[in-house]
Amino acid sequence: MPWDNVLAVALFTGLIGLGILIVLWPGEKHGKRLLERWGVAEPGADEVALAVRYLKRRRLWYPWLFLAIPPLLDDGGAGTIVVTLLLGGLIAELLAQRPARGPRREAVLAPRTLRDVVPVWVLVLGGLAAAGAMVHLGLTAQWKLLAVAAGTAVACAAIALLAVRRPAIGEPRTDLALRTRSARVAIGLGIGACTAIGWPAGDFGSFLVVVAGLAAFLAVTAPVKRQPATA
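Residues in the sequence shown are numbered consecutively from 23, following our numbering.
Since the hints were derived computationally from the structure, they do not count as laboratory data.
Since this is a predicted model, take the numbers as computed values, not measurements.
Among the hints, a few may not be true.
Stated by the list, open to error - Computed spacing ranges between beta-carbons, pair by pair:
| hint | residue 1 | residue 2 | range |
| --- | --- | --- | --- |
| 1 | Lys247 | Leu117 | 25 to 31 angstroms |
| 2 | Val157 | Gly224 | 17 to 23 angstroms |
| 3 | Ala71 | Ala180 | 23 to 29 angstroms |
| 4 | Leu43 | Asp225 | 20 to 26 angstroms |
| 5 | Ala237 | Trp47 | 48 to 54 angstroms |
| 6 | Gly224 | Arg120 | 27 to 33 angstroms |
| 7 | Asp68 | Leu161 | 49 to 55 angstroms |
| 8 | Ile113 | Asp225 | 35 to 41 angstroms |
| 9 | Leu46 | Asp68 | 41 to 47 angstroms |
| 10 | Leu161 | Gly224 | 15 to 21 angstroms |
| 11 | Ala172 | Ala223 | 18 to 24 angstroms |
| 12 | Lys166 | Phe229 | 38 to 44 angstroms |
| 13 | Leu82 | Pro189 | 17 to 23 angstroms |
| 14 | Asp225 | Leu46 | 34 to 40 angstroms |
Ideal Cβ positions, reconstructed from N, Cα and C, are used throughout, including at glycine.
Given only the sequences and the hints, what does the whole structure look like? Please build it.
What follows is the structure, encoded as structure tokens:
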């Protein structure tokens, strides 16, 4: 392709990405709604500001990933959406590992294990979905899909673990709510993706498994209306 065409395509896709970013860019109402949905009643201004920064760290990457991933995967469907969400979340969690500049308030009783952030049943569902998909793909000798399922499970586990170990900041309840959302959404995406990858055949049995995976995804990613009393 001639260089002038390449530059024209790059400019066009860049403008599309910028437009998407403007539409997705979060404000105070988005941050407040996120915290209230995840168990933080009547969040203060500082708490809302943390939630907005949390959303910005993720949404900043989504438009550009949406533009870059389809050509790489040769897929413009659900696979692109899942990969975009996972990569956006992973990048955001990696950036969040950096200590905050200036004074910060350490969260009291900051959660440091996965079981402090997500309930055991969520971890069990995530493990069963990943293991079941990989075992089924191994038994049916679908090695490429097995590699994809394994990569998906590793990425989701990495996001959840990074959410647990990132430096504590802000009010304890806000810190816990944002960690919980990151970990549960990552695990939920892993459940949905692994069941879809693990049973690609269009028979009735595969359909039932995928439906079960979708139900598990919705249950795992459902917002937490009330935080544990120990938080």
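Quick rundown of the hints versus the structure:
1. Lys247 - Leu117: 25 to 31 angstroms: Holds - the Cβ-Cβ distance for Lys247 and Leu117, about 29 angstroms, lies within 25 to 31 angstroms.
2. Val157 - Gly224: 17 to 23 angstroms: 20 angstroms, holds
3. Ala71 - Ala180: 23 to 29 angstroms: Since the Cβ atoms of Ala71 and Ala180 sit about 27 angstroms apart, the hinted range of 23 to 29 angstroms holds.
4. Leu43 - Asp225: 20 to 26 angstroms: Violated, since Leu43 and Asp225 (Cβ atoms, about 41 angstroms apart) do not stay within the stated range.
5. Ala237 - Trp47: 48 to 54 angstroms: Given a distance of about 32 angstroms, which is not inside 48 to 54 angstroms, the answer is violated.
6. Gly224 - Arg120: 27 to 33 angstroms: Roughly 45 angstroms apart at Cβ, these two residues miss the hinted range, so it is violated.
7. Asp68 - Leu161: 49 to 55 angstroms: Roughly 52 angstroms apart at Cβ, these two residues keep to the hinted range, so it holds.
8. Ile113 - Asp225: 35 to 41 angstroms: Given a distance of about 37 angstroms, which is inside 35 to 41 angstroms, the answer is holds.
9. Leu46 - Asp68: 41 to 47 angstroms: At roughly 23 angstroms between Cβ atoms, Asp68 and Leu46 fall outside 41 to 47 angstroms, so the hint is violated.
10. Leu161 - Gly224: 15 to 21 angstroms: 18 angstroms, holds
11. Ala172 - Ala223: 18 to 24 angstroms: Holds - the Cβ-Cβ distance for Ala172 and Ala223, about 19 angstroms, lies within 18 to 24 angstroms.
12. Lys166 - Phe229: 38 to 44 angstroms: Taking Cβ atoms as reference, Lys166 and Phe229 lie about 22 angstroms apart, which means the hint is violated.
13. Leu82 - Pro189: 17 to 23 angstroms: The hinted range 17 to 23 angstroms holds for Leu82 and Pro189, with Cβ atoms some 20 angstroms apart.
14. Asp225 - Leu46: 34 to 40 angstroms: 38 angstroms Cβ-Cβ, so the 34 to 40 angstroms window holds.
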